[in-house]
Every structure is written in C-alpha cells, then in structure tokens.
Amino acid sequence: MKDFHDLADYSVAEIQALLDLAARLQHNPEPRALEGKILALLFMSPSLRTLASFQAAMSRLGGGAFVISPNMSIHGIETRPGIVMDGMAAEHIREAVPVIASYADAIGIRAFAERRNLDDDLADLEYNAMRDLVEIPLINMESAIQHPCQSLADWKTLDDIGMPKNGGRFVLSWASHPNPLPLAVPATTVKMAAMRGMDVTVLRPEGFELPDAIMQQARDLAAASGGSVRETTDRDDAMNGAQVIYAKSWSSTRHYGDKKADGDLRRQHEDWCVDEPWFANAADDCRFMHCLPVRRGIVVADRILDGPRSVVIQEAQNRMFAQMAVLHAMLA
Amino acid sequence: MKDFHDLADYSVAEIQALLDLAARLQHNPEPRALEGKILALLFMSPSLRTLASFQAAMSRLGGGAFVISPNMSIHGIETRPGIVMDGMAAEHIREAVPVIASYADAIGIRAFAERRNLDDDLADLEYNAMRDLVEIPLINMESAIQHPCQSLADWKTLDDIGMPKNGGRFVLSWASHPNPLPLAVPATTVKMAAMRGMDVTVLRPEGFELPDAIMQQARDLAAASGGSVRETTDRDDAMNGAQVIYAKSWSSTRHYGDKKADGDLRRQHEDWCVDEPWFANAADDCRFMHCLPVRRGIVVADRILDGPRSVVIQEAQNRMFAQMAVLHAMLA
Amino acid sequence: MKDFHDLADYSVAEIQALLDLAARLQHNPEPRALEGKILALLFMSPSLRTLASFQAAMSRLGGGAFVISPNMSIHGIETRPGIVMDGMAAEHIREAVPVIASYADAIGIRAFAERRNLDDDLADLEYNAMRDLVEIPLINMESAIQHPCQSLADWKTLDDIGMPKNGGRFVLSWASHPNPLPLAVPATTVKMAAMRGMDVTVLRPEGFELPDAIMQQARDLAAASGGSVRETTDRDDAMNGAQVIYAKSWSSTRHYGDKKADGDLRRQHEDWCVDEPWFANAADDCRFMHCLPVRRGIVVADRILDGPRSVVIQEAQNRMFAQMAVLHAMLA
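Protein chains in written order, with my numbering: chain A, 1 to 332; chain B, 1 to 332; chain C, 1 to 332.
Be careful, since some hints might not be right.
[Claimed, not checked] To be clear about the criterion: a stretch of chain B counts as covered by chain C if any three or more of its residues have a C-beta under 8 Å from a C-beta of chain C, and this derived list gives those stretches:
#1 39-50
#2 291-301
#3 304-317
[What the hints assert, rightly or not] Here are some chain C residues the structure puts well away from chain B; computed CB gaps all over 10 Å:
#4 D20
#5 H27
#6 H92
#7 N166
#8 Q217
#9 L265
#10 A282
None of these hints come from the bench; they were simulated from the model. Positions of the beta carbon are idealized from the N, C-alpha and C atoms, including for glycine.
Chain A extracted, bound-state conformation (with noise of 0.2 Å):
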C-alpha cells in the first residue's frame, strides 16, 4: 500500500484484508513490527483524535514518529504556486513537504478544506498539491473532500456492532451548528455505507445537498453491493426502520464559499439537533454515530450521547486500530 487517499480505490475484499489485520493487531500486538521505522505527521489543520492516534499506533508498533505543522516554521508554511514569497511565509510547501517525507518511512498529511470554491475542494486542490510532492508511503489523514481513515474505523464500528457484512439501513444526517464544516466525512461516509451494500439515506435539509459528483459515485459503489442511496428532507420517511444514523454537519452547498448566506440558511435549521424524539421509527437499537469533535447540545443531545445508541468512543478508538492495519500493510 503506497498511498491510502480514497476507500473506493480499494475492494470490499481488500477492505476486510485491512481490518481483518486491524483485528489482529488490535488483539496480539506486534511491539517490534515497526522497530526503527518513522511516520512523519504533517498537520496543516487542527488535529486531536488523528494526532494521539497516530503516534500511539506508530509506537504500539514499535516505530516513532514525529508532528509538524506550520506554526513550528518561522512565520508558517506557503502553499501558493508560484509565488514571490516576499510576505510572512519563510518557507514552501515545495521544499517543507519533500524534507519532511525525507526524514521518515510513511507520512501522514492533513489538510482542511478551504471553503472558498466548491469545485476547488471537490478536486482537493491543496492537498493534491502536497501529494504530488511525496514519494514515500502517504495516508490521507483528511483532505477537502476524502477522510479515509475516519471510513476505515467507522467500517470496523459497523462490524464491532453486529452490523451484517453487508446490507442494513443507514442514515446520514445532516445537523445543526454554528459554523460551515468541511465536507470531507460526509462525502466520505456516504461512499463507505454504499460499498457495505446498505440502503443508505441521505437526510438534510434544502440547501445542504451533497454535491452530485459525491452522490453519483456513492451510486454507482452501492449498485455493485447491492445497496441504494437516496436523499430526503424527511426526518420521519428517513429514519424508517434505521439501525444506524450518522450525525455530521456540513456547509451548505447552494452557498458554498458564502459565510452570510451559509449562516443565514443554516439558523433556520438549529432544530437539527439529534435527539430521542428523531429514533421514533428506527429500529429500536438503531445506533448513533459521530466522527468527533461533537458540539453537545447543538448537533446531538446529551442523553443520545450519554446513553446506549452512542458508539462515539468505539469510532474514535477503531482510529487507532484501523491506522495500524494501513501502517503495517505500508511499512512492515
């Protein structure tokens, strides 16, 4: 494995080979498997799950690792092509990226989307900047528009939690929130719920569709495991015999790049708030998933995530596992 970017580059067979190692990682460490080996992190976004993880699965293995984002360059890390460096960034992503890899076996690299351009996002403009630039093994730790990592675990949640291997109901919703998120998880998350063959369902209000290039593609992958995808602004007709609902917030798409206007659609919808009342037609122990940071009270109550539908911490937790599983197949 040279460079782990997108779930769908992979079967469904290579996915259970990869988990099927997380498993087994997870249960017979492996302490020396990585000795002497390095993963460079860079984080050109914030980062605590993705942070801890990956350097306690790096030393579970045996290997080091080492963090760096831009505030330890001298006035930051330039991404501009091109550019008369004449401001406050001493330094490129040109040479940063390239060194850094240099230094190590595997890099990880995150990037956050813009939110300027939609189309600019889609294509993962930023981050396909740095990749080109890498030679080594590289994990995508959350691009624009990919989460790969975030699937991974969350497929292993699905199996944790008795999900068939293939098939059930699964909701994607969209929730409340004060600011614009990226769209990478659902983007992400819809892909993986459709190569599990599930019927999934894409609930969110008018203005907050997922861009067409995401949904087509989410088709075509549940066409080939026998699942559906389909969207609705119905909560009720949505969660209709649900076993799963995955709770994320998003920017709208109809006024991608636009603060105000994403801001004043959103404050029409602050009673997207995951709450028991929402479980009425689900199955009775649909689950409640979340990829983290979750702002209580605002995308989901506390007694949802208090109580026993919540699997936040097993998702969070299949993070490290899942990482072993993609730096073993990489490195060992």
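Position chains B and C relative to chain A; hints supplied.
Chains B and C only, in chain A's frame:
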C-alpha cells in the same frame, strides 16, 4: 496501582516500596519493561518538568507517550457539564477524555486550580470531572489540590540527602510572588512531610493560612507517623533548628478568588524572599527545596539557588525516577 | 564526543570518520543502538528541519526524544543573568537547562542570534550561558554564530554529489531577503568549505561583509587544507568556474542591530535573487545549495530550486544522517 492521586492514599510502607522500585530503575535500567505500552498526557494547564519527565520516563522503560493540550483541538475543550456548546469550544471533555484514554494504557491529567472558589478547588471539581471519565490507570499530574508526583519525588529527595526515614525538622514557607498561585504544592507538601513523621512548621503571613481541612489532614498524618504540624508567622521561631526549608508561594486563602485583595495583601510581604539571613538559627546544613519553576530574586535569592543548600535540581530529576516507578507499578 | 559546537573543533580526519559512521547508519540501520537513551531538544527559537530530523534520528537508533520550547513553561523562560524576575517569565534558564538535561543522556539547544550587538553574537553570549549549565553531552542546534549540524550535513552532501575530498570552487553568496537574518549559517559554511580545502569566494554587497574574525578563521582553516578564501562584490568574477553556489541571506554587518539602516541597504539589492543567468560562467553542472527555509522568488528563482542544480532536499535529509552519527558517537 490504578489511580495515583493523593500520596495519603498509600501507607508509608507502600511509598517506600515505590521508591525502592524508583531507585532500582534509576540504577538498573529496564529499557523494554513497557514495550508496546502507551501513556497519554493530557495537559489542561502548561508544563515543562512534567511534560519532559513523563515522556523521558516512558521512553526509558521502552514505551511511548503522546501529548494532548486543549489548543490542539479546534477552539479548545469544554469542561462545563450540561452546556449547550454554541461558543468557541468544539469538543467536550466527556468525549475528549475517553477518546484519549482509548489510545493508551495509562493516562496522566493536569488541570490547575481555577482559583475562583476555595471549596470548589478543595473538592478538585474540574479534575474529578475528568477522573470520573477514565477507566484505565490514571496519574494526577497536578490538580487544584493534589500533586502526588511532586511529593513522591520530594520524598525521594529527602532520602537522597540523608534525612532520616522518620523525623527531622521541616519548614514549609510561603514566599513572595507577583501572582496568586495554586494551593496544590503546599497542600501536598505539608502532608508528605507529615507522613515522614517530621516536625513540620508552616510559616506564612496572616491571610495565607492553609485551609483547615488540609492542616487537619496533615496533623492526622503526622500523629500516625510520630511527627507534628504547627503554623506560625514568626520566621525566627520557624527556622530554629530547621533541616529543610521548602519555599512556595500560594494564594491568600483569606481573599481566595479576589485578585485585587490578594494582590494588596501580598504586596505587603515582598520581603518574603528566602535568603541567607533566614538560616541564622537553622541547622548548618539546612537545605532549600522548591518544586520549580521559581522566580529568582522574588521567591529566593540567587545565592541560595546557586549555593550548596539548594536541592531543587535533584527534586526535579527525581520526578522522572518517581514517575518511572509509578508507571512500572501500573503497567509492567 | 561531549560538546558538538564548532566544526572547526575537529580535524578533517575526525569529520571524515563521523561521516563514515553517518553513511554506515544510513545504509545499515541500527534500530537498537540507543535503546533506553533520551535526547532532550530545547528550542529557544523556532525549527522545522532540526525538530523533525533530531526526533527521527533518535527514533531510528531506538532511543527517545522530548521537545521543550519556552512557551511550554508558564510565561516563558528568562535568560538574563542576575535579574529580579518580577516580569512575565516564571522560570530562568539556570533552572530550566539543568532540569531538562537531568532527564536526558544528551541535549540539543537552539538559540538564534539576538541581532542587537555584533560582538555579543560573535561571542555567542546567550548560547554559552546555557552551555555552561550543561554537564551531559551537548549538541549546538544553531546558536548566534554556529550551526555545526548544518555544516556536517553539507559536507556529506558535497561528498554525495561527487565533489573531490579536497578542493573545488565554492561560492558563498549573500541573497535578498525582507528580514535581517543571523550570521550563523554563512559563518559556519565558509569555515566548512575552507576545511575541505576549497577555493572559497564570499560574494556579497558592500555593507554585508562577514565579520573579520570569521573571515580570518576561515582563511586559517583554508591554509591548513590547501584552499583559499576571498571576498568580492563582483558576481561574474565570483561565479567564474564555480562548482557550487551556496546562497544565504544575512544581516548587514555595517548596520548590525539597526533594522532601519539594514532595511534601507538591503532594499537596494533586491536583484540578488539567484537565477540561471548567474551560472553563465560557472561549471556546467554547478550545484545550488541552501540550508532552508528559503523564500522562493526572493532568494532564488523557482526554476533553480525545481531544476537539476538544486541539492537542497539532499542537504536537509543529510541533517538526519549527520546527526545520527553525532548521537551514535556520543551515546552508543
């Protein structure tokens, strides 16, 4: 060992066993004892010694560590219970702590006193809110009213400088400082010296009395060990025959949470800077202790810190050895 | 090896032995050579390459490292001697350095030039104040006037690109930059090339002469190795037959510590951006070196950095291998 929180939770024999282990690891390294094991370090407050010594301790035993502080998450970590998270913080400790712990075999947490309400700080409200969320072995890296790692290291330092296993004359002295500092170190230090059966004098100006609950606990511990605890404002009386002076500034308990009144009172005592004349009545080889960081020329004169009385560097180094013992006892 | 401070402290044979060790560790990893050993990294100034490469170096040899920077302490670390600490800083280097060192088997310290007074920086006042406090093996990670790790890596890079062991034509050129940068890299570079017996030309505008003491030391080193050192403002003359140009901006020595006068002077030389026309008289395969970070379009044109002349990434990677040799020589 599951929850290293208060030195007084342990018997003198248990502490001695821990310190025997510390000395063994100091002189006979075990660089693979914690192979594949991970320590999470959560700093809600800043750190230098604790940050460095825990990472070094874990590495010396062959394990790994990762560090998390609130600024690594997006806009910080919320600690208030039941709050609707519509402000800056994007994550709550109710998720952050279990997630961080899920990557680790043990976790250390630091959360300084808020210094608004004395009863809240004596009850260690913020730290205990996090402690309740942890199911793996937990180390208190300084909370509002506890600092057991400091006291364990100081106990070892007293042994190292040849103090008797039981007894000796110990002065804990308030010192000048521009800011109202937490009570954790004086509270934990008076108990530590009492447990050693020392004759302990707390020397402080009026208005800086240690809380009754702490003093009473210290007196009870002293009684069990054959020592004593008293307090005074009289420097000559306190220092008479003293074998150790442990200096530390702390907040006015009379004006706790009132920065203005505290400042007015502490400015009257800017002469509480430990210097050679303090030692006129003391034992010839009376030692100077401080937990660091220390303000030179404010808390203590340079000639004391730089002279033969000072054992502050040994105290700091013993943090590492003491913590290696705690980690070994928890995880090996 | 106890104190890696100035490349000129070592004979050419000793440097060659270190680089033989570097090459051996590069091609035959020793992932347990420093098992249980700890490197402390104290950064009083920012870092990217040094931060990453030292952590990677130590991990590749099976040891551990921890990083300390002033913002990790409460309100920073005081460096001035004899001061009454009633300001922001809560800790003095006189405690911080010995404490940090007490956790480690070796320590690296970085402290950039203050750039207020040239004599102070040539005397390396701030760095030497810390150096005096260290009793364990110490590595200079860049001080006001030294950067031995950079020079050791550059020496290896010159070997790697096929420069003869002795001799060759080397140009150290000042370059444009918006800010008055330290003298450490040019000072250490001119000495490194002189020690290799190269014919060294320092190319710089009037007002940017390197200090006499540095030039004299370089001339003495060159004489011992059969090389030469001269300086000029004439680009065509300097580049005639050059096999290597090492670009770097630095402060005006005429106006040292005077930002306004320095700025007025450097703005007259914004055309000192290395580009292809500079190479008209040079050897066909003349290489471009720079220690990084580098401002594109200011110090050097993109087409040089992105073209076959540039060896800047190799230089950066050789930092790791050179430092592995230093650490191995100190600790294995």
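Checked hints:
By the rule of at least three residues with a Cβ nearer than 8 Å to a Cβ of chain C, the coverage given for the stretch 39-50 of chain B holds, with 4 such residues. Beta-carbon proximity to chain C at under 8 Å applies to 7 residues in the stretch 291-301 of chain B; the threshold of 3 is reached and the given coverage holds. Coverage of the stretch 304-317 of chain B by chain C holds. Counting CB-CB distances below 8 Å, 6 residues qualify, and the rule asks for three or more. Interface exclusion of D20/C from chain B stands, the closest Cβ pair being 27 Å apart, more than 10 Å.
Once the 10 Å rule is applied to beta carbons, H27/C is consistent with being away from chain B; the minimum gap is 25 Å. For H92/C, the shortest C-beta to C-beta distance to chain B comes to about 5 Å, within the 10 Å cut-off, and the non-interface label is violated. With a least beta-carbon separation of about 41 Å from chain B, N166/C lies farther than 10 Å from that chain, consistent with its non-interface assignment. Annotated as non-interface, Q217/C keeps its C-beta farther than 10 Å from every C-beta of chain B; the closest such distance is 34 Å.
Distance check for L265/C against chain B: the nearest CB is about 40 Å away, which clears 10 Å, and the non-interface claim stands. The beta carbon of A282/C sits about 47 Å from the closest Cβ of chain B, which is more than 10 Å, so the claim that it is off the interface holds.
In terms of the numbered hints stated before, the structure departs from hint 6 and from no other.
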